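Asks: For reference, the chains in residue letters:
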Amino acid sequence: MIVTIDDVVGELHDGMTIGIGGWGSRRKPMALVRAIARSGLTGLTLVTYGGPDVGLLVAAGCVTRVVTGFVSLDSIPLEPHFRRARGAGTVELTEYDEGMLYWGLLAAANRLPFLPIRAGLGSDVMRVNPGLKTIRSPYADDTELVAMPALPLDVALIHLNRADAGGNGRYLGPDPYFDDLFCLAAKRRFLSCERILSTPDLMDAGPPQTLLVNRSMVDGVVATPNGAHFTSCVPDYGRDEEFQREYATADFDAFRARYLDGDEAGYQAAIAR
Amino acid sequence: MTRADVCVVACAEAWRGDGAILASFAGLIPRLGARLAQLTFSPELLVTDGEATLLRDGQVEGWLPYRAVFGMVAAGTRHVMMGASQLDRYGNQNISCIGDWHRPKSQLLGVRGAPGNTVNHPTSYWIPRHSPRVFVEHVDMVSGAGHDRGAHEIRLVVTDLAVLDFATPDRSMRLRSVHPGVTVDEVVAATGFSLTVPDEVPPTREPTAEELTLLRKHLDPDGLREKEVR
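Residue numbers (our numbering), protein chains in the order written: chain W, 1 to 273; chain P, 1 to 230.
Bear in mind the hints are in silico, worked out from the structure with no lab data behind them.
As the structure is a computational prediction, the values presented were derived from the model and not from experiment.
C-beta atoms are modelled at their ideal positions from N, C-alpha and C, and glycine is treated no differently.
Just so you know, not all the hints are guaranteed correct.
Claimed, not checked - Computed Cβ-Cβ distance ranges for the label pairs, DEER-style: (1) W:R258 to P:G19: 49 to 59 Å; (2) W:A140 to P:A20: 49 to 59 Å; (3) P:E44 to W:D261: 34 to 44 Å.
What the hints assert, rightly or not - So these bits of chain W aren't anywhere near chain P, every CB distance computed over 10 Å: (4) L78; (5) F82; (6) A119; (7) I135; (8) L184; (9) K187; (10) R188; (11) P225; (12) E241; (13) A248; (14) A270.
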């Protein structure tokens, strides 16, 4: 089930709900994000711990709604394209606490309609999500909790350091983020990776507990070397801070013409100059 | 001794007596405060590198990916010091956006973990510039819940001018101490709501000789803290 970037984009449709792994400006499946930005897809709902994936797709006009707890470039705290779109009213937001987002994915992964959580109580997350309900414990404690609804996804896109052709995948950095949950919450799951290895070589590449996804959780694997650029993908590479600054400060149309209008090979050639 | 030194020590004091819990933070001054507390009067504190690694005096001592942080949030074994774009008298905090949420004048970070933090475990705030723009009657979006909205505990607010707490009958904000060289009137003028001011406001304690040495020689030899407090 090795596929190409185009195969992945070919499975997407206008209006889909797409979960994107990673966190902020860390290990984002940016090669796939770039391909979506080029695709002309519209009306997408993104579910993500937001970073430049959100900014890029919002600026490219692909996104109607973002479901998140934050959008940040980490070293640049505020995402400029997302900020602009929010101020202009051109993107809708479903704003949850970070832990609520985790719980929503966990509920979807477990085929539960909701999971109870304290996060959200007393905050304006309840005001800006009028559909959000609370639930009382049926036990003697009678605690009121937020009933965090499941966040089922049409498609999950994640990027890992290594995988085999079957869809077993391994992270090598310090944090798995929530990439396994994004896959478990989705109907169709695509894993991009720095390198595809034979299964024995993948097993030799680290300890068993860093094998984050297995092949029951993945429908297609695509090799995208440097495919998380300009976000970090440690230990393969860190964030390209200089390029991220260019992304954050450049006029988007100029940025798009210079880096996005070609294919992924063209992007990698353009950033190598 | 500089104002930044006083601020770092005031932040460190937020974690005094907390035991073996996770000290989390946003920003350099709170990070230096957490590490200073761990090196001195609160040696049991767990401190991260800001990502997934637990550090004790610069040495790795454990692993804490985000999903485990959420576990500690839910378990209550954590005390975070966050920033705030707006803060009201009960400690309601906003880091999400300025203006109407539906079409904000200025989109900021989003609520991040503030809702979960504030209802699960102690929360403190670090405000590098104490002003009426931050200390407001009503925040535009309640990201972190305050004491009138079910907060677990808003412990301290440390600013470039003063330390504030919530030791009042209705758990609204009170001036606890003013930093050396700052007057009570300056703090009152920089606060956009009426603050409880005790008859006697002590000065914020000065760093000890040991703390100053740790800060200057060990934790921040390049003096980066001076850039955060001006």
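Asks: Determine for every hint whether it applies to the structure shown.
Replies: Checked hints:
1. A C-beta distance of roughly 53 Å is found between R258 of chain W and G19 of chain P, which places it inside the suggested range of 49 to 59 Å.
2. A hinted range of 49 to 59 Å is violated for the C-beta pair A140 of chain W and A20 of chain P, which are about 30 Å apart.
3. In this structure the supplied range 34 to 44 Å is violated for E44 of chain P paired with D261 of chain W, their Cβ-Cβ distance being about 55 Å.
4. A cut-off of 10 Å between C-beta atoms contradicts the statement that L78 of chain W is not in contact with chain P; the least separation is 6 Å.
5. A beta-carbon of chain P is positioned within 10 Å of the beta-carbon of F82 of chain W; the least distance is around 7 Å.
6. With a minimum CB-CB distance of about 3 Å to chain P, A119 of chain W fails to clear the 10 Å threshold, and the non-interface call is violated.
7. The claim that I135 of chain W lies off the interface holds: its Cβ sits roughly 15 Å from the closest Cβ of chain P, which is beyond the 10 Å cut-off.
8. The non-interface label for L184 of chain W is consistent with chain P: the shortest C-beta to C-beta separation is roughly 13 Å, beyond 10 Å.
9. For K187 of chain W, the requirement that its beta carbon stay farther than 10 Å from each beta carbon of chain P is met, with the minimum near 23 Å.
10. For R188 of chain W, the requirement that its beta carbon stay farther than 10 Å from each beta carbon of chain P is met, with the minimum near 24 Å.
11. At the 10 Å boundary, the C-beta of P225 of chain W stays outside the reach of chain P, the nearest C-beta of that chain being 24 Å off.
12. Residue-level check passed: E241 of chain W sits 15 Å from the nearest beta carbon of chain P, beyond 10 Å.
13. Consistency note on A248 of chain W: stated as away from chain P, and its beta-carbon is indeed over 10 Å from all of that chain's, at 14 Å minimum.
14. Here A270 of chain W stays apart from chain P, with its beta-carbon at least about 29 Å from theirs, past the 10 Å limit.
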